[in-house]
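Enquirer: Next come the chains, spelled out residue by residue.
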Amino acid sequence: MTNRFRTASGGRIDRAAPLSFRFDGQTFSGFKGDTLASALIANGVHLIGRSFKYHRPRGFLSAGSDEPNALVNVARDAARAAPNLRATQVELHEGLKAQSQNRWPSLSFDAGAVNDLASPFLPSGFYYKTFMWPAGAWKRFYEPKIRAMAGLGVAPELPDPDRYTQNHAHCDVLVVGAGPAGLAAALAAAESGARVILCDEQAELGGSLLSEVSATIEGRPAAEWLAATLASLAARDNVTLMPRTTAFGYFPHNLIALAERVTDHLATPGADLPRERLWQVRATEVVIAAGALERPLVFPENDRPGVLLADSARTYANRYGAKVGERAVIFTACDAGYRAALDLKAAGVSIAAIADLRTEVSGELPARALAAGIDVRPSTVLVGTKGRLRVSSAQLAKVKNGAVGPAETIACDSVLISGGFTPSVHLFSQSRGKLIWDGAAGAYLPGTSVERERSAGACRGVHGLQRVLEDGYAQGEAAALASRDHASPARGATPAPATPSRAIPASAEDLGSAGFIGATPHGRNPALAKAFVDWQNDVTSKDILLATREGMRSIEHVKRYTTTGMATDQGKTSNMNTLGIVSEALDTPVPKIGLTTFRPPFTPTTFGLFAGAARGDVFDPLRKTAIHDWAAEHGAAFEDVGNWKRAHYFPRAGAGGRMEDMHAAVARECKAVRASVGMFDASTLGKIEIVGPDAAEFMNRMYTNAWAKLEPGRLRYGVMLREDGFVMDDGVVGRMAADRFHVTTTTGGAPRVLAHMEDYLQTEWPDLDVWLTSTTEQWSVIAVQGPKAREVIAPLIEGIDLSKEAFPHMCVREGTILGVPTRLFSVSFTGELGFEINVPSAYGRAVWEAVYAAGERFGITPYGTETMHVLRAEKGYIIVGQETDGTATPDDANLGWAVGKAKKDFVGKRSLARDAMSAPDRRQLVGLKTTDPKIVLEEGAQIVTDPAAPVPVPMLGFVTSSYHSAVLGRSIALAMVKGGRARIGQKLMVPMPTHAIEVEVVEPVFYDPKGERLNG
Amino acid sequence: MLIITCPWCGARPEVEFRYGGEAHIARPADPSALTDQEWADFLYNRTNPKGLHAERWRHIHGCGRYFNALRDTVSDFFVTTYKAGEARPDVDASSGGSK
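Heads up: the sequence lines are chains R and Z, in that order. Position 175, counted from 1, in the first sequence is what this note's numbering calls 175; the numbers after and before it change by one each time, with no gaps. Position 83, counted from 1, in the second sequence is what this note's numbering calls 83; the numbers after and before it change by one each time, with no gaps.
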């Protein structure tokens, strides 16, 4: 296709570099420097999408990131597909493939457009008011159907193959926006010696200067000044220029999030480049130079393809050499319409008429329009447009004394509208700065700053090119100066009025701050006229009036009721007009109505950007023990315990080569430990070394147990409480020396326990001379458990007398194993004779393999966490966090024996003295035996006396652990039951969805109740 | 993300720290001398002010030390930080945020 709507010359496109691209399967051509939008417009294509709710044909409204209509899907392949991209921001590259969205079967014939005909029946809140019956149908039926009809793009179903990186940066001054104000600010800050980052969402830096054809700055054409300024900035070591980079979020203490699009504009991206980069910039000072957004006028049928913002049409002509049509009608409330008319006329677009909402039309631009022979009509409104897939005519009418006269139809293929400019206060507002209504400017402007930032140029209501440049320069200088003070207050500061140290003379048309907010009068039947306020969410002025009639007063309620401003463009083009309509309907001034909240992101941001590298294997840190690889090589199945991978069980090939399931493997492992010997990797246990002259006193205060008399070389099972008296952690503690303890904690509790200890040591008892060191990663722990345990390790150990008499249960000795220093614990979590071999982690696997080899003649069996759980449950040993839930006292968990009654104080002791903590009906640890030994209860199941009792059935407690015990040949369970110890011998019921299971309450020790096996 | 000034290490980003609850609540020297009500006050009752709040923070991914901070709960800005054991500085919320 030809570029029929391309100007003969001019623009910033590279006419020597033609590019071919596809839109909805059709091939077009454009030029390097085009956006998808400008290239389509140059080809005469305006129909770009269907609207969200009514499926109305839509065209381009703007030329920038405020575009509400032109959302497309751009796909390199099935996985690299990005929906909902604004065609106005998509840079053209060779072979680009774009698709329109929200239409079926095609853009020009969309079956969903029936919604538009039915629109009188689809007012705001229609869905909620209508699809209420039958109950439940909303979720199952109505909502999915409605969502399929209304909608935006479709996310790709394949994993994203692209890379996204995340970077941090620091600077003295961050300037957001590289229009005239931002450029001048960056220049001033850089000349003051500050480290400057200048970012802009567009591919080219320059902002509004990129659309200037007649303006001059410092005696040169604006484009020349821009090139020279950019070159001078780029040449500086202290300046970083970041095009294609959107400042999308302003977070506390000047942390600004930038999204940099790195490869989307490249036909063949290099494999070494990420698709996008997230920059977290910590700036000492920020200059916001975000400019202003042109406001549409709200009049009937203002949404047809071919209706564009006037200044955007000017940008298409001046910057891209693309004419929006052949014959345009202009509807304006400010001089922007005239400026666009003059530039478009110069580009070869005929201007049919300018309808000006204002009664008085004067000034330089209107005079020039009249001189150019343009039909200028003051006090005139557009009361409608016609055309199916493109506007074909506009209806103009005079307004006299508030009454709209008869309409005159003027044929045209484009309608250019301008309601003035809205300062872009999004980032300022995100920084929690307070906005102030400026009646003269008819806009909300930045007021008091909360962060160390200042606004410059059009985003704070400054207009006129020279004033904007000089304001930018002054704010840049002020920011650079302020950035030298790193301690100045961030809060409640109002940036001092700044005067630039030098003038930047410039000449350009000054559009002033005139404009209009609200809906223009049209005199038509309001029920039949659709005047759009929010193009993207299909909200009309009628919807907003309906909301006020139905009682909405707060703008936040109007917003949520009508969904205006809630689309992906966050109301960039609609917020102010909504306010204007509500203000008029309620006869309340705009500042009394308030303003909706601006939230990040400024424009939609990809999930990939936030995920960065944190996906797949590196989503979360993975912790592996030194023995992990051995377990993997021996076929272990693993389970996640916190970030640890722990061997769950070791399945073996059984008869016929079939692998054991977990049940079979665990049964075999349990029997092996009880009958001979097993080995278990306990390295994940938390370990803390507590050292110092006051170590024993500190242990006394932190644990319930008495430590003073524990001799070096002995172990003790310790219980730790929170100050509220409930069990927090437990573990075996070895006294290595008078001033040194080797403390173990639960696998998941290690960081919590260390933090708890540090808290008391640092803030309550700083006088204690104690050091705490986490040693979890330093020790590998190999548990050797079973009647043959001593015989297995004996040949490997040197320097320790392993005899029963010299090394009884619950002792620790230091010696060597295979020449490696070891702390050898005689300890058991299985009820069998057992040892835990602590060796430095670097030797963990070597020692493990040596023990395995030494155990071969006894059939040593490696076992996993599941077997460990069964074996300890057979013995009634609790697991903190499984039997206890943060509301169990030591006595509840059968650990009353571990509480040092004679101790004057320890953490939690005072709480235990409360009456409620020793009430007889507290839930207590007991064992449960099902009457049918084959039934294994469900962990978490409730326990009652009578399942047939009226609801709510009184609950006595719940099952905390439940297993099949291969050694006992029956199921076993532990439970917390109200007054449980007094119920031993009673029958209780465990109700399940289909039936209730009878259980007997028993002592929580199922195996070797006298503990005779511990000593081998 | 806030910048928090550790009195030992200097200004660091918020992610290096962990909140530690209200400051200047000393554990009673002899808890057994307290009534249940007094003990409950110590354990659970906190001031929860609107405005300046003295609170504990720990530089968990740094020096590991607990320290105290005065933070304005309205603006979420830190007014000052100081070492554990030092008295609460006599400043008001208007003395500005800290960087």
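Everything labelled a hint here was simulated from the structure, so no lab data went into it. No residue lacks a Cβ here, since even glycine has one placed at the ideal position from N, Cα and C. Just so you know, not all the hints are guaranteed correct.
[As the list claims (entries may be wrong)] Calculated lysine to aspartate or glutamate pairs in the DMTMM-like style (CA-CA distance at most 20 Å, straight line):
(1) Z:K83 to R:D767
(2) R:K909 to Z:D41
(3) R:K671 to R:E856
(4) R:K434 to Z:D41
(5) R:K909 to R:E723
(6) R:K904 to Z:D30
(7) R:K709 to R:D905
(8) R:K904 to Z:D36
(9) R:K671 to R:E689
[Unchecked claim] Residues from chain Z that keep clear of chain R, each with C-beta distances beyond 10 Å, as calculated:
(10) I3
(11) C6
(12) P7
(13) S32
(14) L43
(15) A54
(16) G64
(17) Y66
(18) S75
(19) T81
(20) P89
[Said to hold, decoys possible] Stretch by stretch, here's where chain Z covers chain R in the computed footprint (C-beta under 8 Å, at least three residues):
(21) 32-42
(22) 244-255
Enquirer: With reference to the structure, classify each hint as holding or not holding.
Expert: To see whether the hints hold, each was checked on the structure:
no. : hint             : result
1   : Z:K83 to R:D767  : 15 Å, holds
2   : R:K909 to Z:D41  : 16 Å, holds
3   : R:K671 to R:E856 : 16 Å, holds
4   : R:K434 to Z:D41  : 39 Å, violated
5   : R:K909 to R:E723 : 8 Å, holds
6   : R:K904 to Z:D30  : 9 Å, holds
7   : R:K709 to R:D905 : 16 Å, holds
8   : R:K904 to Z:D36  : 17 Å, holds
9   : R:K671 to R:E689 : 35 Å, violated
10  : I3               : 4 Å, violated
11  : C6               : 13 Å, holds
12  : P7               : 13 Å, holds
13  : S32              : 6 Å, violated
14  : L43              : 6 Å, violated
15  : A54              : 13 Å, holds
16  : G64              : 7 Å, violated
17  : Y66              : 5 Å, violated
18  : S75              : 6 Å, violated
19  : T81              : 13 Å, holds
20  : P89              : 15 Å, holds
21  : 32-42            : violated (count 0)
22  : 244-255          : holds (count 4)
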